[in-house]
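Peer 1: Sequence:
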Amino acid sequence: MVFDTSKFPDYAKFANLNLEDQKAGARTEVDPEKRNPWDFLLWVTNQPNHIMQWDSPWGKGFPGWHIECTAMSTKYLGERFDIHTGGKEHVPVHHTNEIAQGYGAFGHQTADYWLHNEWLLVNGEKMSKSLGNNVLVTDLIEKGFDPLALRYLILTTHYRTGLNFTLESLTAAQTALEKLRNQIAALKNQADRTTLSPEKEKQIEVFRNDFIESLNDDLNVAKAIAIVWSMLGSNIPSADKYDLVMSFDEILGLKLNEAKVVTLPESVKELIEKRSKLRSEGKYEEADKIRDEIVAAGFEVSDKAL
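So the number in the working numbering is just where the residue sits in the sequence shown, counting from 1, plus 32.
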C-alpha cells in the first residue's frame, strides 16, 4: 500500500522541496506501484522472508518505516503532541512523510514543533555503524565515567550545533560536573536564609528570567548552563543560590539534589595539606596557586566554617 503524495497539496511545504527537480532527476524505471517518485510505502507485502509479519486487510506484511514512527508516537502521546525530534537528515524524507501521514490519518500534523539536531561526531567523524565508531554509555561507565557527565557535555552544546565527542571532552565535562556538585554540596551547609534586600531579590529574578528566556530561545541549554555558573558566582545568599539551582535542575536533569559522598583522591589530599601549610606560613600567593590546582581537579576549597 502506497501513500500517493499528489493527494496531499502541502507535501513539499515542510522541507521546502522542489518536486519538479526531483521528478526530472528521477530514474526512468519508476516503481510501478508508485505514481510519483516520492510516493512511499505504508504497508509492505510480498516479502515472505521478512521475519516480522502480520495479517492485515491489505495482505500479510509489515509497516513501512515512516508509518512505524507515526504509529508509535500517536499511541503513547496522542494524535497531537508538542515536540518531535530527529536528525537533520530526516527533514526531506522521513519527517516530511510523517507529516503527510498525520494529515491523512487525523487531518492535522501530529507534532507542533519539529526540532532537528546536527550530527554527533566522534573524534571528528560522524558516528555510524558502518565506521564502527559507535560509543555505548555502558562502555563509558566501564571506563569510569559518570553517565551524567555525558548529559552535561551534551547540554553545553546547542542541538543544532555539531558536537565532536572525544574522551578528552567527556573528561572535562566530568570535571565540571564534579565542581558543580561540590559547590552545591557546600551551599547546603552554608549560612542560614536571610532577609533579602530589594537588590538581591532583583538579582534572583533576573537569573530566573534569563534561564527561562534561554530555553525559549530555541532550547538554548548551553546558554542556560552558562547562566547557572554565573548565578553560582554571584553574591546572592547561599540558600537562594541553592533554591535556584534546584529549580533549574528540574529542567537540566543532572540530579544535583542527590547527595553524594566524594572520596578525595590522594593527590588532592596532598594539595590541600600543602595549601594549608603555606597559609599557616603566610605564603598566601603560593597557597592561591595550589587552590587553583585543586579547583582544576574538580573540587572547591572553602576556608569558611561550615
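Please note: incorrect hints may appear among the correct ones.
Unchecked claim - Pairs of lysine-lysine, BS3-like flavour, derived with a Cα cap of 25 Å:
hint, residue 1, residue 2
1, K287, K309
2, K321, K175
3, K234, K255
4, K107, K66
5, K175, K161
6, K287, K220
7, K120, K92
8, K107, K92
9, K211, K255
10, K234, K220
11, K306, K287
12, K175, K120
13, K211, K175
The hints are simulated quantities; they were obtained by calculation from the structure and are not laboratory data.
Peer 1: Taking the numbered hints from earlier one at a time, note which ones the structure violates and give those numbers from smallest to largest.
Peer 2: 1, 2, 4, 7, 11, 12
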